[in-house]
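J.: The chain contents come next:
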Amino acid sequence: GNSVTQMEGPVTLSEEAFLTINCTYTATGYPSLFWYVQYPGEGLQLLLKATKADDKGSNKGFEATYRKETTSFHLEKGSVQVSDSAVYFCALSGPGNQFYFGTGTSLTVIP
Amino acid sequence: SAVISQKPSRDICQRGTSLTIQCQVDSQVTMMFWYRQQPGQSLTLIATANQGSEATYESGFVIDKFPISRPNLTFSTLTVSNMSPEDSSIYLCSVVGRGVRTDTQYFGPGTRLTVL
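Each protein sequence line maps, in turn, to chains A and B. All residue numbers for the first sequence refer to the working numbering, where the first residue is 152 and numbers rise by one. All residue numbers for the second sequence refer to the working numbering, where the first residue is 434 and numbers rise by one.
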């Protein structure tokens, strides 16, 4: 079946530190992979996506590469800011556009 | 991407009452979904709202508790019936399809429900 396993949090980093949030998946077929971000008190926003193996999604300094060989889609950012403090969800789309979400990783960036 | 609005944005309700949440999209979409996000948790799919027919519910969710309507391609409602404190959650609608990227879900801002 389809599932997403995401690195547990919470994660606390100092401003300008390097960020990695691990995400691995199990899927039938060739799903699209996503990272969503949820800022405090808000809904989910699409951060980036990749639709096939070796694709790299990027947005706002965040990047993730679709690695079929390791079934991974790790989120990275070279230098985090206080404004990046949020909860990050990894997700994949399965048959019928049904989405499977990870458990979410809370990130706090301190000045 | 689509612009999705939800009403109300938040509410505090008494046990035993019902609340209807509205989801409005600014373009026609083929699929609409309703999710629940309990405090500190990930998203759980409640149902797929089907236009012109009954919603498709996920395991653990029933129509009597969460009736859903979708009268057209841009609007849906979710009712949380006979509420208890365990229903305190964020309720989110999302959309996929016509007018937006067909393999991506876009989410509304959510409705924060507290049941006393």
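It should be emphasised that the hints constitute simulated quantities derived from the structure, not laboratory data. All residues carry an ideal CB built from backbone N, CA and C; glycine is no exception. Just so you know, not all the hints are guaranteed correct.
With beta-carbon atoms standing in for the labels, derived distance ranges [stated by the list, open to error]:
hint : chain 1 : residue 1 : chain 2 : residue 2 : range
1    : B       : E487      : A       : V233      : 43 to 49 Å
2    : A       : N210      : B       : Q461      : 24 to 30 Å
3    : A       : E227      : B       : N505      : 20 to 26 Å
4    : B       : N483      : A       : G192      : 27 to 33 Å
5    : B       : L549      : A       : A168      : 28 to 34 Å
6    : B       : T463      : A       : V233      : 22 to 28 Å
J.: Each hint should be assessed against the structure and marked as holding or not.
T.: Hints versus structure:
Roughly 46 Å separates the CB atoms of E487/B and V233/A, a value that falls within the hinted 43 to 49 Å. A hinted range of 24 to 30 Å holds for the C-beta pair N210/A and Q461/B, which are about 26 Å apart. A hinted range of 20 to 26 Å for the beta carbons of E227/A and N505/B is inconsistent with their spacing of about 41 Å. Under the hint 27 to 33 Å, the C-beta atoms of N483/B and G192/A, about 31 Å apart, fit the expected range.
One distance hint, 28 to 34 Å for the beta-carbon pair L549/B and A168/A, is violated here, with the actual separation near 41 Å. A hinted range of 22 to 28 Å for the beta carbons of T463/B and V233/A is inconsistent with their spacing of about 39 Å.
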